[in-house]
Amino acid sequence: MPKVTLINPDDSRIDLDVEVGDSIMRAATAAGIEGIVGDCGGGMSCATCHVVVLDDAYLAKTPEMSLTEDQMLDFTAMEREPNSRLSCQLVMSEEMDGMVVRVADPQL
Amino acid sequence: MSQAVMESDRNQAPVLDIDPYDTEVLRSPYAFQERLREAGPIALIPKYDVYAVGRYEECATVLKDHEAFTAKGGIGIQDIRQPGDFRVPNRMLENDPPGHTEIRSVLNRYLSPIAIRKMKEKFEERAAVLADELVEKGEVDGVADIAETYILDVFPDAVGIDLPRPNILAIGEMRFNQSGPQNELYEQAMQKAQPYLDWFEHSCQREGVRPESIAHALFEAEDRGEFPEAGLASNMTRSLVGGGADSTMAGVGHSLCKLAENPGQYDLIHADPKKAGLAFEEALRLEPSFHVSYRTTYGEVELSGVKLRPDTKVGVYFGAANRDPRKFENPDDFIIERRSAGTHLGFGIGAHICIGQMIARAEAAAILGALARRVKRIELAGEPVYKPINQMRMLQNLPLRLVAA
Ligand code: HEM
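Chain order of the listed sequences is A and B.
Count along the first sequence starting at 1, add 37, and that's the number in the numbering used here.
Count along the second sequence starting at 1, add 8, and that's the number in the numbering used here.
Misleading hints may appear alongside valid ones.
To be verified - Ranges between beta-carbon positions, derived for each pair:
1) B:G307 to A:T42: 46 to 52 angstroms
2) A:S130 to B:P172: 49 to 55 angstroms
3) B:Q213 to A:A94: 50 to 56 angstroms
4) A:S49 to B:R117: 34 to 40 angstroms
5) A:P46 to B:E133: 27 to 33 angstroms
As the list claims (entries may be wrong) - Some chain A residues judged to face chain B by a derived CB distance under 7 angstroms, without partners named:
6) A68
7) G79
8) C83
9) T99
10) Q108
11) P143
To be verified - Covered stretches of chain A (chain B as the covering partner; in silico rule of three or more C-beta atoms under 8 angstroms from a C-beta of chain B):
12) 45 to 59
13) 71 to 78
To be clear, the hints were calculated from the coordinates, so they are not data collected in a lab.
Predicted, not measured: the structure shown is a model, and the values here were computed from it.
For glycine and all other residues, C-beta sits at the position ideal for the given N, C-alpha and C.
Model the full assembly from the supplied sequences, consistent with the hints where possible.
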């Protein structure tokens, strides 16, 4: 199963298995990772699953950003960065195996 | 209906001869929901000559595929494009992308997570005050004393419109019966709402809007020319009031009912009140506030291999989808740890997915959390009674006993 690495606000790292077709948000909340809240369950309504993709090359492999996601990223609790994404929209593919993301802080 | 039409439909969508708006179905929809799911991917309801979908997959498709299933025909059973319809259309909900998107993008700014985070503190403050009073009383009605009292305390400030209880209840009952067939419920609700029609006509205007509210922000946005057309601030305020009052009161009522019926699940939120939101979500899965919402076929389209007639209404039954065993394990069980947010259709899906969902969640989590902190056990003190409304699923009475912690 492809993996992503999450870097928590305290700099600890978690390797997370994410099934192809599943979102990083779903996998992270199911695994009980505190830094990813995901209140709305993936409806792009809460902006609490904010992550920053570290490597531009990996960013290019992620699903394209929709207008709604782009808009919601303007309302995150931690200010948006150039590589910001909502992890509910990062639906896993084999290509994304090995991607590293930093968990935004705060989410709420 | 002629025999010929019946025959041809039988080759296409199976015919399900049942009235989804029958009072008994509205009081207890589960048997209907199951028959609908099992009839096929889509069924024809001969009484109204409309289609109905009840499986999760097809419900989601109809809501998401706005090219095949337009919202412009209205979200009720009548086609609002036909002459003689008098209902004021909702210019966002009863519309499709890209026109819909333009309007929704403006609203998104004022209903954003940032705006909602600011409301949370107030929601919690007011919830604490009410919860203290409720515990003091002990025996309460979950609908009148908790759901209605709480939502009508906090929502008017958030949205910015005065919502006196008798007015909003009568108008809500009218609107959500009006979107169904012209049955007895519809006639009675129209009668009951007569004294409040004038109020309704004049509410949601610029005058009287509360400061620092969503409506206030929308009227200011209109002045800055942010909306693509004139008159949208008022129309959208009306849509927020219509979409956000009854639905959330219903959701809080259902949550209390499920928690009272499932003491083991209540224990989980009593032990950890942060989980109150999970209970609300799971209650909304089992008893979504909306019974049905419609789309209209755009030309001759197909759904799961079934050929559909053009310009025909398709009812999406949220409750049926949310208990579809194809999608959910043990679909009838109330299990808050399922974490059903985002997996059920209680808030819809696709372009029109509820824009107020985070407000509803914040309100519900505040009042349920406040109770969870103070109450050891919630017991049913009588039978829950449902209120038949054509488009909604809502409790009328919920006698509860709150046992202080
Ligand atoms: C438990 C509470 C709520 C439930 C169950 C609920 C349910 C829904 C559903 C199912 C839809 C989609 C309808 C369709 O696609 O035909 C919807 C849309 C909508 N809701 Fe909610 N809602 C709730 C609370 C709220 C609140 C609090 C507001 C306002 C602050 C609101 C405002 C709206 C609006 C304006 C739309 C139309 C969105 C669009 O067309 O893009 N709702 N809601």
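Results of checking the hints against the structure:
no.	hint	in the structure
1	B:G307 to A:T42: 46 to 52 angstroms	48 angstroms, holds
2	A:S130 to B:P172: 49 to 55 angstroms	53 angstroms, holds
3	B:Q213 to A:A94: 50 to 56 angstroms	54 angstroms, holds
4	A:S49 to B:R117: 34 to 40 angstroms	35 angstroms, holds
5	A:P46 to B:E133: 27 to 33 angstroms	28 angstroms, holds
6	A68	12 angstroms, violated
7	G79	4 angstroms, holds
8	C83	6 angstroms, holds
9	T99	19 angstroms, violated
10	Q108	6 angstroms, holds
11	P143	10 angstroms, violated
12	45 to 59	violated (count 0)
13	71 to 78	holds (count 4)
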